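In order, the protein sequence lines correspond to chains D and Z.
Add 1308 to the 1-based position in the first sequence for the numbering used here, that's all there is to it.
Add 37 to the 1-based position in the second sequence for the numbering used here, that's all there is to it.
Honestly, the hints are just simulated from the structure, not real lab data.
Hints are not guaranteed to be accurate.
Stated by the list, open to error - Once the Cα atoms are required to be at most 16 Å apart in a straight line, the calculated EDC-like pairs of lysine to aspartate or glutamate come out as:
{"no.": "1", "chain 1": "D", "residue 1": "Lys1394", "chain 2": "Z", "residue 2": "Glu83"}
{"no.": "2", "chain 1": "D", "residue 1": "Lys1721", "chain 2": "D", "residue 2": "Glu1658"}
{"no.": "3", "chain 1": "Z", "residue 1": "Lys223", "chain 2": "D", "residue 2": "Asp1592"}
What the hints assert, rightly or not - Facing chain D, according to a computed beta carbon distance under 10 Å, are these residues of chain Z, among others:
{"no.": "4", "residue": "Tyr74"}
{"no.": "5", "residue": "Pro94"}
{"no.": "6", "residue": "Lys150"}
{"no.": "7", "residue": "Leu154"}
{"no.": "8", "residue": "His160"}
{"no.": "9", "residue": "Leu180"}
{"no.": "10", "residue": "Asp183"}
{"no.": "11", "residue": "Val213"}
{"no.": "12", "residue": "Gly222"}
No experiment lies behind these values; they were computed from the predicted model shown.
In this text, a Cβ means the ideal position worked out from N, Cα and C, and glycines have one as well.
Residue strings, one per chain:
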Amino acid sequence: MDSKLKGRRELLKASAALAGGFSIGLASRARAQQHDHPATPTSANASPMLHGSQEQIEYGQRSKYVTSVRIAHPIGGRPSPDVFGKVFHVATPLQDSVGVITPSSLHYVATTRGSFLPDIDPQQHTLTIHGLVDRPLTLTMDELKRFPSVTRLHFIECAGNRHNGRQHTVQETHGMTSCAEWTGVLLSTLLKECGLKSSAKWFVSEGAEEVKGASSIPIAKAMDDCLIAYGMNGEPLRPQQGFPVRIMVPGFEGIYHTKFLRRIKVVDRFYMNYNEFGHLRQTDELLALGEQIGPKSVITFPSGTQQLDGPGYYEISGLAWSGGGAVKTVEVSTDGGKTWNQAQLKTTPEHMAHVRFGYEWRWDGTETEIMSRCIDEIGQRQPLREEIANWWNIPEQRDYRVPGLDNSVMPWKIARDGSVTNGLA
Amino acid sequence: MGSREMVKVPTPLKVVTIPLLLASLVGSLAIAQSPTYGVGRTPTAEELRQMDISIGPTGEELPPGSGTAIEGAQVYVQRACIGCHGAEGMGGLGGLAPALRSQRDADLPIWEKERILPLRSPHATTVWDYINRGMPLGLEGTLTPDEVYSLTAYLLFLNDLIPEDQVLDQESLPKVTMPIGDEYGKPHEFKLNSPRLEGYPY
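One chain only, chain D, in its complex shape (with noise of 0.2 Å):
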């Protein structure tokens, strides 16, 4: 009460401050001062006020009460940052989050072999295309955005986004994992605008970083839906996430969204560059099923290690997404699979993007298993672990690994205290 009385006065000192003919800027800087809250409200209503700094002015911080980060994948795994400072797979909280959009902040990051990050000067940064095409180009970052854009919302995914028994929380097992709104160029503009030629099968698109990582893709993939992206969330891109430039390979896993992009070589074969031979697979199949996303969802709330209050109810939360295209329907199952019902999409099904599902649940206390899945517009649906089996002929088994990407439907287990933990263990 005192703290808002006084606030209250003080406002009134600065109303008649700029009554008298002082400048604004004078006025609150004046008000920031006198302000002087004790830092535990003397009532229930009262809080402490946060004074103004120059940095919130500038850009804004979310409150110290929330606390969510991201952490190191996997769980005993590669150290991010490791002894030499260089970062590797840094995982999304996803139990944590509400819609869609991953704060920038907090998108998972991942890099070809652990590398540094390059502080890369945009004015001397320059994206080259050439190889198959007719007239080879180079683009400033000012001459690109000189091209027409387009801002879409895409999911990534790294390949090592997988579930298994040892893990505990959502972050751990899913948080490889994170939808941003993407702007930027479409890349068939620029090769309409070098002209592609006849034998374009492949392209290269190679980063800046100190391994340069190189991926081969396809040349359809191309001239459909490939971003050639500078701004992420309404901003231009994180460092962590290619600043100046990446390229968006909507659907497609993690490492072919290559950061820092400095070149993209038109070719006519699969080339084999180095990230070419971390995906170098015995079999066509086992190749296959790494490179486009399948279909896949998880509860994000209730999940591994939160706690229910206790019976009655909640709302179920989780995300869905595919590498196929748009999510079509979701469902969960709050009987350990027995029964399968329609989720609500909370949000607009988008190409290659999370969406958000939820579930209306009246817990009645008793143990059970939670897990959702989805199907996607091109009719892929997400399988259960013993549906993966049953198809590879693995000895049925729920904790194993799931051969290619592991799209898997995911279990959470609900104890009677209402505990929630991962029903993999």
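Fit chain Z to the supplied structure of chain D, relying on the hints for placement.
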């Protein structure tokens, strides 16, 4: 252009159609051949040559230069590769850098041996490409073409793929036979709006 010139027009239609056809051809050629926006500049051939470090399976982008495993063994020490990858590529530093030489039975099928680049790669050019773009750690891009040819030869020699005095260069490197042969998955033809694997419902 070649395919456009081969357009065949049935005789009775020629009189009326040809002017129209020509007009539309000229129109579409104009669209195909001139840039729409005219933004940016044309890189010089020299810029492209310097920038193009993507070495494909044919090796057409390989620069002049050469090296043998004998020379490579020296470069391996001089350039401190040995510090992380260990003596003769046997690994070191508690697994921080991968071993570069197979330590399993030579008679084992390739997929039962270790995942080692200069052993399992389908192309010797990939070994060259990676050393050139990604090594040594922290000093990437500083090796000369001769050093990269020598190191490639040394690693292939350590895995019993070439003799120690074989000279690798633009011509010979792409011809090195790798033990994996054809026994690896090939990319399928990518089709839009298609399942990732035909017949796989998931």
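Here is what the structure says about each hint:
For the hint pairing D:Lys1394 with Z:Glu83, the CA-to-CA distance comes to about 33 Å; that exceeds 16 Å, so the pair is violated. With a CA separation close to 30 Å, the supplied pair D:Lys1721 and D:Glu1658 exceeds the 16 Å bound. For the proposed pair Z:Lys223 and D:Asp1592, the alpha carbon gap of about 5 Å is at most 16 Å, so the pair holds. For Z:Tyr74, the shortest C-beta to C-beta distance to chain D is roughly 6 Å, which falls under 10 Å, so the interface hint holds.
Interface restraint check for Z:Pro94: the shortest CB-CB distance to chain D comes to about 6 Å, inside 10 Å, so the restraint holds. Look at Z:Lys150: its Cβ only gets to about 12 Å from chain D, farther than 10 Å, so that hint breaks. Hint status for Z:Leu154 relative to chain D: holds, with the closest Cβ pair at about 6 Å, below 10 Å. Taking 10 Å as the C-beta cut-off, the interface hint given for Z:His160 holds, the closest approach to chain D being about 6 Å.
The interface hint given for Z:Leu180 is broken, as the beta carbon of that residue sits about 13 Å from the closest beta carbon of chain D, more than 10 Å. Nearest Cβ of chain D to the Cβ of Z:Asp183: about 20 Å, over the 10 Å cut. The hint is violated. The beta carbon of Z:Val213 comes no nearer than 14 Å to any beta carbon in chain D, farther than 10 Å, and the hint placing it at the interface is violated. Checking Z:Gly222 against chain D by beta carbon gives a least distance of about 3 Å; that is within 10 Å, so the hint holds.
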